[in-house]
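Student: Going down the list, the sequences are from chains A and B. Each residue of the first sequence is one higher than the last, beginning at 846 in this note's numbering. Each residue of the second sequence is one higher than the last, beginning at 846 in this note's numbering.
Be aware that a few hints might be false.
As the list makes no split between identical chains, a pair holds if one copy fits it or if it spans any two.
[To be verified] The list that follows gives simulated cross-link-like pairs (lysine-lysine, DSS-like), each with its CA atoms no further than 27 Å apart:
| # | residue 1 | residue 2 |
| --- | --- | --- |
| 1 | Lys-983 | Lys-1200 |
| 2 | Lys-874 | Lys-1155 |
| 3 | Lys-1217 | Lys-874 |
The hints are simulated quantities; they were obtained by calculation from the structure and are not laboratory data.
There are 2 protein chains.
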Amino acid sequence: MQELTISLNPQSRTPLYEQIYRYIKEDIKRGRIRAEEKLPSSRALAAYLEVSRSTVDLAYEQLRSEGYLEAVPCKGYYACQIDGLYQLQPGTGQRERPVSCGESTYDYDFTPNGIDLDSFPYEAWRRITRNILLNDRKELFQLGDPKGERELRETICRYLYQARGVNCRAEQILIGAGNDCLLLLLSAVLGTKRRIAMETPTYRHAYGIFEQLGFSLCTVPVDGSGMQVQALRESGADTAYVMPSHQYPLGIVMPIKRRLELLAWAAEEEGRYLIEDDYDSEFRYKGKPIPALQGADRQGRVIYMGTFSKSIAPAIRISYLVLPERLLQECEESLCRFSSTVSRVDQMTLNQFLKEGYFERHLNRMRTIYGKKHDMLLGELKKLSDLCRITGENAGVHLLVELINGMTEKESIEEAARMGVKVYPLSEYEIGDPGWESSQVKGPAVILGYATLSESGIVQAVERLKRAWRRE
Amino acid sequence: MQELTISLNPQSRTPLYEQIYRYIKEDIKRGRIRAEEKLPSSRALAAYLEVSRSTVDLAYEQLRSEGYLEAVPCKGYYACQIDGLYQLQPGTGQRERPVSCGESTYDYDFTPNGIDLDSFPYEAWRRITRNILLNDRKELFQLGDPKGERELRETICRYLYQARGVNCRAEQILIGAGNDCLLLLLSAVLGTKRRIAMETPTYRHAYGIFEQLGFSLCTVPVDGSGMQVQALRESGADTAYVMPSHQYPLGIVMPIKRRLELLAWAAEEEGRYLIEDDYDSEFRYKGKPIPALQGADRQGRVIYMGTFSKSIAPAIRISYLVLPERLLQECEESLCRFSSTVSRVDQMTLNQFLKEGYFERHLNRMRTIYGKKHDMLLGELKKLSDLCRITGENAGVHLLVELINGMTEKESIEEAARMGVKVYPLSEYEIGDPGWESSQVKGPAVILGYATLSESGIVQAVERLKRAWRRE
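This is chain A alone, in the form it adopts within the complex (with noise of 0.2 Å):
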């Protein structure tokens, strides 16, 4: 062949070796040039279409690089056999329909799933990225450390220590994308021959995946204050799950009396441990924030669970484990059967964006932000006082919401749904036996979430539930 009639468009934003280098390949890919056919010379090419001859031995050396081409010392570039090449085209994807667990034609959505992301830094979070992505940080890019990057466990561990009273080393703590990582890296340190003990209502999550790991579980009601110790104890269970800061659903935040019981219970016998899950503990709106439960454990009983799910965004899969010293024996040999979950140049960028302070600010930021969304559907709903009674307000993203107006909880949210609002039934949360009959939560209830909203779309929605819960 001596000949390859391309036309070449200068103005193109495609550079020219570029035009070149995919003429040619589409030619051998469409068997216009065949395999073993001779290319014509670099020189005799770019002297015929009138370019360097840098920019054909460019696209010759692309097609050489990537299997098209092959180069003959002293002979010049042939064509190869490509049967064996990629050739990804565009196809014709039928669209298909999302999974929907619920899906929402709603007015007003009080999820209490989402987060407000409209303050989050994204310039920041995109320069760090970037930054990140040098080019000379190649060996981000190979399978990082089981527990996670080192200097982000030391950034957490840091903000642990100030922000949550959380004393640990780097060493003791575990990266991973999501809960369902981590009950799974958990399930490997401490075995599944366990019988986890878990509140009702309690974070529904978390339990089903406890199940599908094989856990044996069990339920033990609550009171005012918490999970109660007695019941746990005459459970049979060996560990217990519990959200300290602010209980979910039901908002419970555990008096020092109730979290010292359960240390206590913790250390009666050898291999109890107590599993903490601080999901929202950063959104706390009146009073001093209250130290991890980890904190106030002097015997090394406390697995704490922490996640960047609510405090950043959901879909930055970030969480962690911090894991007694006791355990870091065992965690170091089931280990080395796990790959890290998360991205290297992730867990980079979220280490920057702590250590460079913009965590600090996100987090200020977003609890006055939250604060407010928190006092305006208080304020709203105390107009409702006919109707309904609230708790486990002043933290987390979300309230609970006992309805006294003789609708059942079923009711309460079609009626709601019919006026455009969504509400989220508590009994969901309730696993086994209805326990929380006979705790705080008396009657019928329904639980907001407010992080989504916006503060005059809680005036709106609270009076379409005042419609809607009056039957108007």
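For chain A, the structure is supplied; the task is to place chain B on it using the hints.
Tutor: Just chain B, lined up with the frame of chain A:
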């Protein structure tokens, strides 16, 4: 308070408003400005500092949004009670040693786990990530579809059809952060009341995770074509885990006859499945690529697993499952229990990387690079034909080397180590009875991965192996 003596540095790269912000924040933190204290008006402070009023306004607004100041209408700014605010100080984190699952101080390491990242298109990845992170994409920080982003699943679907002959719809694809996460999802879809047959030797990592998840396991010997079907039938397993494209670690490519026998086994009884782990099928150096087992499955019995760990980078942490249609119903139900384990930004970045053709180019480039290393290692090892025999060639990024020089596996590894070369024991991949004794590898053998070594490194390392295995 009427004045704040802030010494501003107009030459600093820190903007003036930020200098004011930091100064006042520091003063509030240290108690130099006390809670409830009134700050100078922005007009007065601007005049005093000789900066524009908007500069001071910006600093005050920042402090207010983070909860350090409170704005009282018609009165001005007051310092807040800051006990509850987050204040992260850089600490003096002590260094720790990373989790070492076997540390390396060798001159040449034939690790089968690394990949060659020199040719990774960092610039393209960075540019795509930057574009994905644009301000108007804030929905990417909310929790996404538990199955993974629809766009990415559609793109993977097309890739699998074209490159691997896998027939599926995007609905059948589940995205997860590495194999551990995928197997956790799989256990939710299949239930753990299953008996999984694995080859021996096999990919131990998967064995460990299955064990962790509570599956019952058994091993089935392999012959030159892969898993022995009669032995599988006798094992009582209802699920078989195989790697037809390139068995790990033996490197066997399963011929079509054995594939059809396995599919026939699966079709014999309701509820039987084949898990096809196609971990490194992208790399094949001789002949046409062999389509995936999934493509030959007409009964919906194959669960296909793929990963971008080998083909892009381990730290990307994106893998995927392709479920048969018949399992989709179960999947939808169990998935509401899980959250996606991969950040949406990473998923969208990968999607763009695939769609813009970078993946295709990268794969073809890497195939050329690995092909050369493969040929180089093969050529060098052939000079050692008095010492060892090679199997598992023509695909993947590792070879199996059977020793015929009278050394035990342990001796051959120790002698290699003495020469500064790390090779990996085959016996580590055996499970239970040494089933492989009756299979194609008769004697002691070691694994040589060549992805991370350079071509000249391979030559030098094999030269050392020659001396080691001759006890020179």
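Student: Going through the earlier hints one by one, which of them does the structure break, listed in rising order?
Tutor: none
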